[in-house]
Every structure is written in C-alpha cells, then in structure tokens.
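Trainee: Here is what each chain is made of, one letter per residue.
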Amino acid sequence: MSLRRVCALVLVTVVVAAACGDDDTGPPATGPPAAIVLATHDSFAISAEVLAGFEDLTGVPVRILEAGDAGTLVSSAILTKGKPTADVLFGIDNTFLSRALEEDLFIPYASPGLGSVPDSLELDPEHRVTPIDFANVCLNYDKAGLAAAGLSPPTGLRDLTMPAYRGTLVVEDPATSSPGLAFLLSTIAEFPEGTAYPWQTFWADLVANDVLVTSGWEEAYFGAFSGGSEDGDRPIVVSYASSPPAGVFFADEELAEAPTAAVLDGCFRQIEFAGILAGTEAEATAQALIDYMLTLEFQEDIPLNMFVFPANAEAALPEVFVEHTAIPESPNSLDPAEIDANRNAWIEAWTEIVR
Amino acid sequence: MDRDRPLTGVAGLAILAVPALFLGYFFLYPLASILITGLTSDGVPDLGPLGEIASRPRLLGIAWFTLWQAVASTLLTLVVALPATAALSRYEFWGKRFVRAAVTVPFVLPTVVVATAFLALLGPGGPLGLDLRRSIWAILAAHVFYNVAVVVRTVGTAWERLDPRLEEAARTLGATRWNAFRAVTWPLLRPAVVSATSIVFLFTFTSFGVVLILGGLEYATLEVEIWRQATALIDLPLAAALSLLQLVGVTGILVGYARYQQRRAHELPLLSARATARRPATWRERGFVAATVGGLVAILGAPLVVLAERSLRVGDGHGLTHYRALAELDEAGAAFVPPTTAIGNSLWFAVVATALALAVGLLAAAVIAYRGGRASRWFDALLMLPLGTSAVTLGFGFLVALDAPIDLRTSALLIPLAHAVVAIPFVVRTTVPIMRSVRHRLREAAAVLGAPPRAVWRLVDLPLISRAALVGAGFAFAVSLGEFGATSFIVRPDRPTIPIAIFRFLGQPGAQNLGRALAMSTLLMLITAGAILAIDRLRVGHLGEF
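Chains as they are written, first to last, in the numbering used here: chain A, 1 to 355; chain B, 1001 to 1546.
Because the hints were derived from the structure by calculation, they are not lab data. In this text the structure is predicted, and so the values were computed from the model without any measurement. It is possible that some hints are incorrect.
Simulated restraints on C-beta separations [claimed, not checked]:
hint	chain 1	residue 1	chain 2	residue 2	range
1	A	TYR197	B	GLY1315	57 to 67 Å
2	B	PHE1181	A	ASN344	46 to 56 Å
3	B	LEU1526	A	PRO61	52 to 62 Å
4	B	LEU1130	A	ALA148	16 to 26 Å
Calculated from the model, a selection of chain A residues having no Cβ within reach of chain B, i.e. all distances over 12 Å [to be verified]:
hint	residue
5	ASP42
6	LEU151
7	ALA164
8	ARG166
9	GLU329
Which stretches of chain A does chain B cover? Using the computed rule of at least three CB atoms under 8 Å from a CB of chain B, they are [to be verified]:
hint	region
10	57-69
11	124-133
12	268-282
13	345-355
Backbone N, C-alpha and C define an ideal beta-carbon position, used for all residues, glycine too.
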C-alpha cells in the first residue's frame, strides 16, 4: 500500500465518520419529535419487535442510550440536569431513588397504566417516577454443592452464621455492586441497629464464618459460586430470585430441574422506575412511552429479557419463571429516604467490619 | 526554511494547531469542566473535598497503594519484557512475527474475562499449586500480562533498528558482553525504554478493572475509588478531588519525563530490521532466545489458552456448542447483541479511531521531533496525560462539556473520538524517537549526495517513520477494540461492541451465557491477533526492508 493511498484512506474515513456523526445531532424539532430517547443502564434489554411496537403506535421511533451501570446512570443524569441527553430515563432503583428525586430530575406524570400496578411498588406519591419492574435479591444455593457438603439449604439469613455453613457464602461488595448493596440493606432491615443483634454483629459473625466478598455479581456468580461455573467452590451466593429460572433457560442442555434455588426468606426488593427527564422537548411523547412501558406487550416481554418481574400485576409470567421460582411474600424493605440518608455511612461501616 | 528545525515559523504553528485543538477540545476542556463542576458549589470554589481526603486515612492509604503498586508493576513488566524484546529484536527465528503480534492480544481483553483465567491459574488447582487468588501477586501478574506489549513493541521498534556493529566493535575492543551492552546499546535504547516505562507506569497508576476485580476489599487504586465515589456513593465532589490528586501524581511523573527528554540528545544510527537480526548461532544464543521468548509466551499464553479451552468446554467434554450458540444469536436477536453486529461495530470504531489517532498523532510527533525546544517537550508530556487521567472522570467530563455548539454527548462519533484521545500518545511515542534519529541522516545525505531534501525525506525518512507509525496504529486499533479507559464510561447510543456484548452475556446466570462470553472473548483474541499481524505486514516504500 502506498503512502498516498494510506493518506487517502485516512482522509476518507475521517470525513465519512464526521458525516455519520451528524446523523444523530439534528436540530430540535417542533411537533412530534424525530425520535424519543430512552436513557438506561447497560443491563436493559427488550425485544426489537416490542420496541418497534411503540413506533407503530405513535410514529416515533425509540432510541436507546446506554450509560453504564445503574449508579453511573444516576450520576450522569445529575450531571446533565436541565440539559438532558434523553427524554425518558429507565433503570433508577429504590436504592438511588431518593437522591434522584432530591435533585429534581423528573417531571411528574401519573400514567393510567398505574391502575394495574400494586400500590406496594409505587414509592413516589407525586408520580415523578413510575415503577416498571421489580426483582428480589435473595440467597441462592447450589443444590448439588450443598448436598455434597451434607448441608440442608439455609432457611434464612441467620443460618449463615452457624458453624456448619462456614466458608460456604459469597457476597458482593455493596460499594461496587447493586445486589451487594441490596443484600446489605436486607441485613440492615432484618437486624436493625439498636437491637440485641444488630446488623454489625451479624456481619462480624459472617466474617468469622469466612464469608467471601467479590467486587461484582459476575465474579461472585461465575467465579466463586459452585452453581455458576466449575471454578466456584462456594455453594451459597447473593443473587436474584429469578436466577434459578435464568440458569435453566440458559443451560447448555435442557434441564428437568433447576440446579440452583433461591431462599425466599431475607430477600430485598429492588424496584426499577422510569421517569420523564426535566428539560425534554418531547414531554407528550415521553408520557406515551411511559404508558407503553406499562402495557402487557412490553411488560410480558420483560422477564425473559431482563430476568426481573413485571410491575403490571396482570402480565402473565413465562413458564420457566412459574416453574423455577416464586415471589417472596414479605421481602425486607427500607424507606428510600432512609437509604439515601445512610447509604454512605452504612457502606463505610460495613467496609470497616469486613475488610 | 531552517534545515535544523524545519517546523518553525507559520507552517509549524499550523501543524501544531491541529493536535493542540483536538486535545484541547476533546481532553482538556471536558476534564477542566468536570473538575470545576465537582469542586465548586453555587459557582464558588469549594476545596472542602480536598481537605476530606487529607483527613481520611483510608483514602491516603489508597493513594500510597496506587503509587507503590504502579512502581512494582512497572518494574516487573520491564524485567519480563526487556530480555524477550532483546531476543525478538536481535534474532531471527520461527514464529517471531506471530509472537510480536500476539503480545498485543491481552491488551484488548476485558478484565472480567481475564480475571476468570487468572483465578483459575493462581488458585490452588493451578500450575503453581499455591492460592494467590486474592493476593497482591494476582494484581501484579495481571499488570504484567496487560502491559508487556507496550515494552515489547515500543522498545522493539527502536532496538531492531540499532546497528549491532556498534556493540560488536566494543566487543572486538575487549569489552565483555554486558559492558558492551551497558556502554553502547543501553544509552541508545534508553529513550525508547523511558517512553515505554512511562506508558506502563501511567497505565498501572490508573489501573481500574484489574484492581477492582482481583484486589477484593483489601486493595484499591485512586481510579477504583473515584469510580466508587462517583457511581456508587454519588459523591461527585469527592470524586473530583480524588481525580485532581491522581492528576497531580501523573503530572509529577510527566514533569520528570519531560526533564529527561530534555537531557537526552542521542541520535540513533538506524538500520533495517532485517539487517540487524540474524539466526541465533551458538547454543548460548539459542538458549537465550528460548528462555526469554519462551518465558514470555508462557506468561502471556497461559491465561489465553485457559480462556480458549474454556470456551470449548461443554459439560464434561469439548465442542463448538457455544460458538454455535453465538451464531444463533444472529437470527434470534431479542435480548442479546448479534455477534456479527458487535464485531462490525467494534471494527468500524477501531478503524475510525486509528485513522484519527494517526492523523493527529503524526502531526503532533512532527511538531515534537522537528520543532524542538522546551515548549515542544512540554507538549510531548502533555500528550501523555490522557493515559494517566481517570477514565470515569473524563467520561463524565464529556457529558458536562460537549453539549454545544454541536451536541456530541450522544453521538456515536464520540466513541472513536474518545478512543483516539487515548491512542494518540502511542502514535507519538513510537514515531518521535525515529523521527528525531533520521533528522541527522537527512541532513548528511542531502549534503553529501546533493539530493534535494524532500527527495531524501521521501526515500529515507518516510519508510522508517511509517514503520514506527504502523506500530502506533496497531496500539490505536487495540486500544479501540478493547474499549480502554474513558471509552467504557461514555454514554453511548445502542451500538454495542464486542466488549459490551461480552458484558451482556455475563449479566445472567447459565452455562450458555458463560460459554458465549468466553467464545466471544476468544473471537476477540483472534480478531486482534489477525488485525495486528495485518498491520505489521503493511509496508510503506521499500527502504524499510533493504
């Protein structure tokens, strides 16, 4: 290749790239927007047909904008307050909710679809955010691994401190992982401060019982949990109530029974919300998108894409969910305002105990 | 035109303007914006968060750990890489080209995948038989694994062009092998070694994924802590203060680097790589090549082989199930990224990023090499700054700063632009030493032969420079394929790349998901090795190989 050709190639590439970039930056339109932009975290997934269904309905296509994990999503929304990069934000959960509401990121909107959503999922009476789905962070265990160790499944959190369960548990760092934070909050709700057995003591007992902490869910589930891969040697992990059906759904070969199961006691409920970002130029279309996210079409597509439960109580669950998991009846919960006020102090205190 | 400093005057300023404006707008401006946003409240500077760092022993401990692990990682990387670089530069042997290309592979692999291989190798069941999984050794080993390519390829480019007759002359005059190396080769090589060392140091100083995953609760770098504060605790002021602290450390290193560049004035006598390398003749030489290159291949190859083997593991046996499962996604779509889409996006971003990095980087290198003077040396150091800047901070900086005049915050173009910012230093580092060295020859040749300087430049300088530029291009390509630094923190339109697809697979339980992630990683390795081999084969002009 001659130098002249290399130079020409470079030039062409740069020009083409610049031209491509311009596609996305048209002037703000009046009337119906050219597209509605949905900012979300990188775990968001929905079928292409379902997303296209919104365009069929309104004539406006949905563009997805990804912004890292849930925490990164909230931080970037705060940093772009008033000049949002999107019209609607999806993926803020109850652990970050208070902070986002405090920052006035959202425009209130009460969707008619809320009629089918249980009241227990609606945490903002002013409707600045709308619940879309929920998940339960629960202990999961590897059936074969526990049996091999001669153990029965734990029935609740307290069991984990018993000598029999020594060296069996892997959890995620609450400072770097969202299920890790949910689990810490679950223990705080179950063993409140100022009682005879506060959460700090519980965690000190877990440490004495050789708990393993990883930075993220992937490392815990695929690296340390014996039910996640052959590398793992710990039969109990902090994961989701919907992990066992996912394990069946994504198995290499068809499985009659799930190799893992969730302990439905001591779970923490994570609710994911969507909200219309203040500063949007397409409020009406944004409202239509919130409505659409609560329709059965969208809601019934959620479980097998994101492995969480739909907020719309009328949405039918796929068979693999019905067969291999259940929704805990009384999960632990904490008030979002209390979470926000104490999150940093709790995490710092936890870090001091565990490291 | 002043022959000694051909880029002074208006032409020089015009060439300087391109890289200066590019880095000013896509690096300094976003960085300054986010730091100012973080360290002001209601428009008034608020340096409280800086005081907070000083008052918290844990944060000071993190700063200290960041520094010492970077020093240790850099030294270890040099110890592993330099002898192998010598063998690769001085000797001709079977598989040499492949090894030189393959060292780049670790560079692109996502940490979360590499960590699984490291945990397997460093666990009690691994070849060492020791449990080093959650020790400092796991971090250091991973840093060596990721950074060896920087030394092998940047130092190698200079070393393979050094005239071996210089050292041979010293030997003839009675110097021992070691003394001849120390007195002759080393001083000529030192600028390239310092360049590579500074890059490795900056990388390990700002290490994120390796320390986050392998460091557990015990170890954290400033980079990990900035990310924790910014995204988990949403304490943006403290994150900004920590970024500032990190930046001060990096600037300190770069000041030292600029000072060093100021003192050195060697011009390397350059030869074609083919003229300097020969087959190892004695048993001693063969042993040297086998030990150094073999050691390098073992250290880099073991984790890669573990990953590839695992991608083939199905139940108790082996097979292509996970690759087939990947292929099925091209039809199924739905929740996952079709692999061909991810590969297409990755390659497209990598080509654009490489083109941008070459265009801007070569102009910057020309300014530094030909213009000379104190200012250009500082410019040189400034260009390195993106390698030592907090990725999450810069990612947020883009969000705060790039909304006007054109809103680039959500443009797909921002991704290769961000890649280019990180890749430019590689192009500059690999080409500046070569440009400086041939300058001298240019003058001599022009004077002796009476040829017009332009013709000599085209026939002599250009082929040598383009060889070095291609090494830089290879790094740029790898930086982009691997989604380095800030590039993983920018808000992006739904244009998933290979690393993003891998993260997606690892987001849900199931053997198929782990298998597909490993299969995709193996494909990423092959694509990288293939691309670097292809780039290495490109030749501009003929002199490079006379």
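Trainee: So, for every hint listed, does it hold in this structure?
Mentor: Structure-based check of each hint:
1. One distance hint, 57 to 67 Å for the beta-carbon pair TYR197 of chain A and GLY1315 of chain B, is violated here, with the actual separation near 44 Å.
2. Here the CB-CB span from PHE1181 of chain B to ASN344 of chain A is close to 55 Å, well matched to the stated 46 to 56 Å.
3. As the Cβ distance of LEU1526 of chain B to PRO61 of chain A is approximately 35 Å, the hint placing it in 52 to 62 Å is violated.
4. Between LEU1130 of chain B and ALA148 of chain A the beta carbons are some 25 Å apart, a value that agrees with the proposed interval 16 to 26 Å.
5. Annotated as non-interface, ASP42 of chain A brings its C-beta within 12 Å of a C-beta of chain B; the closest such distance is 7 Å.
6. LEU151 of chain A, annotated as away from the interface, keeps every beta carbon of chain B farther than 12 Å; the closest lies near 21 Å.
7. Residue-level check passed: ALA164 of chain A sits 23 Å from the nearest beta carbon of chain B, beyond 12 Å.
8. No beta-carbon of chain B comes within 12 Å of the beta-carbon of ARG166 of chain A; the shortest separation is about 17 Å.
9. Consistency note on GLU329 of chain A: stated as away from chain B, and its beta-carbon is indeed over 12 Å from all of that chain's, at 23 Å minimum.
10. Residues of the region 57-69 of chain A with a Cβ under 8 Å from some Cβ of chain B number 7, which satisfies the need for three, so the listed coverage holds.
11. Counting residues of the region 124-133 of chain A whose beta-carbon sits less than 8 Å from any beta-carbon of chain B gives 0, not enough to reach three: the coverage restraint is violated.
12. A count of 0 residues in the region 268-282 of chain A with a Cβ less than 8 Å from any Cβ of chain B is obtained; the coverage claim is therefore unmet, three being the minimum.
13. Using a Cβ-Cβ cut-off of 8 Å, 4 residues of the region 345-355 of chain A lie near chain B, which meets the minimum of three, so the contact claim holds.
Of the numbered hints stated above, those contradicted by the structure are hints 1, 3, 5, 11 and 12, listed in ascending order.
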